[in-house]
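Peer 1: So the sequence lines, in the order shown, correspond to chains R and V. The numbers in our numbering rise by one with no breaks, and the one at position 140 of the first sequence is 140. The numbers in our numbering rise by one with no breaks, and the one at position 42 of the second sequence is 42.
Honestly, the hints are just simulated from the structure, not real lab data. Treat the hints with care, since some could be wrong.
What the hints assert, rightly or not - Some chain R residues judged to face chain V by a derived CB distance under 8 Å, without partners named: (1) W74; (2) G92; (3) G93.
What the hints assert, rightly or not - Only some residues are given here: those of chain V computed to face chain R with a beta carbon under 8 Å: (4) G8; (5) R46; (6) W66.
For every residue, glycine included, the Cβ atom is placed at its ideal position computed from N, Cα and C.
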Amino acid sequence: MLLQLVLGLGVGIPFGFFIQRGRFCVNSASQDLLFAKDVTILKLYAAAVLSQLILVNLLGQLGVIRLTMPPFFWLAASAGGFIFGIGAALAGGCSSGSCYRIGEGLVGPFVAVVAFAIGAMATQVGALRPVKELLRGPRLAEASLPDLLGVNPWLVIIPLAALLLFWLLQRPGGRFIFSPIPIKFGVIIGLIGTAGWLASSATGRGYGISVVQPISSILQVVTTADIRGVNWGTFVILGLFLGSFIGARGAREFRWRTPSARRLMQQFGGGLLMGFGGVVAGGCTVGHGLTGVPILSATSWLAMITIVMGIWATGYIRFIMETNP
Amino acid sequence: MKILDLMGEICPLPEVITKRAVEKLAPGEQIKVLVDYPKSVENITRWVNGGSQKILELKESGPCQWEILIQKEA
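If we strip away everything but chain V, and leave its shape as in the complex, we get:
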């Protein structure tokens, strides 16, 4: 599985890079995004859901850091 480490990045790079990476996934493929910026977590969940992809898991992996598992739908 692909891992996209966006720790330390802020507005709007985490969401923009994630969006572009998700667009490049093959159907059914998953990507794990590591992010530590709350606003980007909000944007990623808002932007990614509802398209041709879905969030499988949103986990707070530590204080103010998250792992978002996204899958491109088949």
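Bound conformation, chain R alone:
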């Protein structure tokens, strides 16, 4: 447990710090693209994927780490992903976005993350478990994109990496007023993600940084004293909260802030949907988006596509409603 704690905090604190400074949130990236054709945060995400695409797969190939591929349960990944996306848009942040904003003193995302844990527990072990089992039924044997295509993984990795690199170098990403260049931060987050794979392997876990299971493990310990779910990932999340708080304090961006009661309830509902969707899909914008996409897990790619579709659908409907009251 001590090794898990040290390695978990060792990865989680810098992870929280840099996702706060880089504003890594898939909801932000998707909404900026939808409403302003702004790719600043999308480029940060692409840089994080690119660096892991090369490093993590190389470490896997060399046998340094074991790349655990989630099964390709296509129905659960797409349905869960879409519902997660609706939740993220309502909560005003995906799992990484909501978590780092707690460190900034935002009460709305705090409420969303508590609801996330409740939704995740209900779907993992509670009343909604049969729904998850039902949706998880249909699955394919091929778990990765290269498996689906029937080719060597490097025939997908190399062209994809070249494409991402070409796009990232096209023109410099936008610059934040308060924070530094997004692409640099994306690479740092990718390096932390890679360190996450190494640290996780060292504790025998075999998967990189994720949020869904660790968040529900925290609620499980608090409410039932059952520590079976506690692992390296749990300490990463605790470190994330601390790291983002340090980041926000350092950038003078920490202040307790509360939205209206109506908004708070929307964020609570959004959190519940994220917890449900995240467990059904077997991961969220971190477990799938940051960790599963670079290892070319088919479930992760499908879940990410449907998450963004859910965010866009909700963002579009909400945009019409909120601006035409």
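Chain R is fixed; fit chain V onto it per the hints.
Peer 2: For chain V alone, coordinates are given in the frame of chain R:
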């Protein structure tokens, strides 16, 4: 002058509501936007500048809170 209070709102509502409100302004009209979410301040300044409107003033009115004065160009 119109005042748009978006305190407590987060991503992407401050920028989306501001954008829509600015579009509805008459030429020369001004609006003051109150916001306490840094990322939205970044987006508002990035999105609003360069169109048919400009930012007259961006003031940090307190810890982590801003007042943005926007004018629709005549």
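Peer 1: Run every hint past the structure and note whether it holds.
Peer 2: Okay, the hints, checked on the actual structure:
no., hint, in the structure
1, W74, "violated, 30 Å"
2, G92, "holds, 4 Å"
3, G93, "holds, 6 Å"
4, G8, "holds, 4 Å"
5, R46, "holds, 7 Å"
6, W66, "violated, 10 Å"
Hints 1 and 6 from the earlier list are contradicted by this structure; the remaining hints agree with it.
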